[in-house]
Each structure stands twice: as structure tokens, then as C-alpha cells.
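Colleague: Sequence:
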Amino acid sequence: MKHAYMLRCCLLCLAAAGLAAGLAEAWAAAADAPPPAAPAPAADQPTETRSLVDFIKAGKTVGHAIILLSFVGVALVIDSALRITPKKLVPPLLVRQAVSLAREARLAEIVRLGRASDSLLGRVLGKVLAQRPLSLASAREALQEEGSKEITRLQHRVGYIGFIAAVAPMLGLLGTVTGMIYSFNVLGTAKGAADPDELAVGVAEALVTTCEGLIVAIPLMFFHMYFRGRVTRIGQDAAAVCDSVMRGLAAVVEARTTGRPAQFDLQEAVQAQGGDEAEIAAPDESYEIVEETAEDFNPDDLFNKDKPQPR
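Under this note's numbering, the first residue of the sequence shown carries the number 7, and numbering increases by one thereafter.
No wet-lab data here; the hints were simulated from the structure. It should be emphasised that the depicted structure is a prediction, and the values quoted were computed from it without experimental measurement. Check each hint, because a few of them may be wrong.
To be verified - In silico lysine-lysine, DSS-like type, Cα no more than 25 Å apart, as pairs: (1) K155 / K93; (2) K94 / K63; (3) K197 / K155; (4) K155 / K94.
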């Protein structure tokens, strides 16, 4: 949360700096335009080729603010591409371990495993299955609540990309306005014919800042929608795995209570993870074995059938 707050403050400061710079530039242009120079004969004016540096300089302060925002946007895209991935948020190893432990109703070990994992699936499992008293219905309600919190947190991170995509063209429009103010001020203060070079400075600022804003906004808007969709898909996969684990625990509890063999279907966990059923069902010895304590599985109070209490 601290990093998110600092990032939000940095983005707001950049946007405010660009706005203030544009207003200051417009005020300076309206107050004091340089006197027009005498135009040179057409034959004496050499043809110049504009470089990328000249293009950036033409955007002036507002254009520089847009470029700074583009750097922040690229950094956010790279960060999201590295963090918002199925392997990091729904690790295959954690899925196999959780499913394997669920088949043996080792609830406390699933909770410890989830709390030790820095992933979306681990955080949800660690919070949902740690509730007391625990039933299948209450666990599913908690799953929806915790899953919504995790998805909202990820969507909030992706939202910074959309924020920059929305602010960049607005700064470009501000540069357009300041450039036009500069050009019209040159026309208004010229004694006689205005200097074309001075007019070109304002027109260049207007067009360059608009172009820069669109160049920054269009790709970032695409990445914003892409990562939002990825977060939604990963959240659905994590919910399917959690529900499969909870139903597996409930099946084992019912088997221990009624004496019938547990029917634990791995199909949903396999489909959610995109793996092989034999691989997920195979025993996995990579997790740390924890000795059972009083907090472990107890068929008397876990996953009850929510029967009405006798009056």
C-alpha cells in the first residue's frame, strides 16, 4: 500500500507539473513574445532536416512532461508483465501441493502452505481455510470476498496504466492550446508581416505535443485492457482451484463421517491449471511436512452440513 501511495503521488505530481508548465508557458507567450526578425531572402535560406532531438525540443515543457509520463508508463507495463502472470499468481506447484493435501484433509498444512506463498492463490487459501467455524457454504462466501479483494488490488495496479493513457492526450491538448496562443500572439504583436519562423514555433509545439500525447496513450490503452483481461482470467483460475480444494476437503470429511469412500474429482483443478491429471494427482514430497496439532483436521466442526440446530 505504501508503494502504491507513493506511485500515485508521483503520477499526480507529474500531471500537475505538466499542467503548471503549460499554463506558465501560455502566460509567458501571451505576455512577452519575441520581436519578429526581418525575413531573409528565399534564396539565402538553406534547407534544414529536422532530427528527433529537434522534434522533442519543439514540444517544449509540455512535450517533455509527456515524455516523462511515457517512461513511467513503460515501467508500469514491464512491472505488470512480470508480476501479473499465471505462474506467479497461481503457481502450479502450489496447486499440486494443495490438491494433494486436500485429498488427505490436512487442512492446517494447506493454511500454512498458503500463508507461506506470496501469490494470489496462497493468500486466498490462507485466509479462507483459516476461518473457524468452517463450513463449505461459509468457505465459498469467504472465497468470493477474499478473491474480490485480491482482484481489486491487482486491477488498482493496472489502473495506473489507464491513468497515464488518459492524462497523456490531455497534456497533448494543453500543448496544442499553448502553441496556438504563442502563434496568435506573434501575429498580434507583429508590425507588418509576421515572421514565418516565429509562427512555425507555435504551430510546431501544437502539433508535436498532440502527436506525443497520442503516441503515448494508444499503446498504453491497449496494455491497460490486456492486463485487465489477464487479471480477470487469473482470478477465475484461482477461484476454480480453491473451490476444487474445498470440495475435496468436504468429500474427505463426508467419507470419514459416513464411512463411504471419498469421491474427489480432480477435473476442475486440472482444467483451471491446464496441467495433466496424473501429474496433479501424483504424490508431491516438495512441501514441508508439518506435525498435526489440535488446529488440524477435525471432522466434528469442519465442513459441517449446515444442518438446522434442534430447538
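Colleague: Would you mind marking each hint as holding or not holding in the structure?
Modeller: Here is how each hint holds up against the structure:
1. K155 / K93: holds (20 Å)
2. K94 / K63: violated (42 Å)
3. K197 / K155: Between K197 and K155 the Cα gap is close to 65 Å, so the pair fails against 25 Å, i.e. violated.
4. K155 / K94: Measuring from Cα to Cα gives roughly 17 Å; hence the hint holds.
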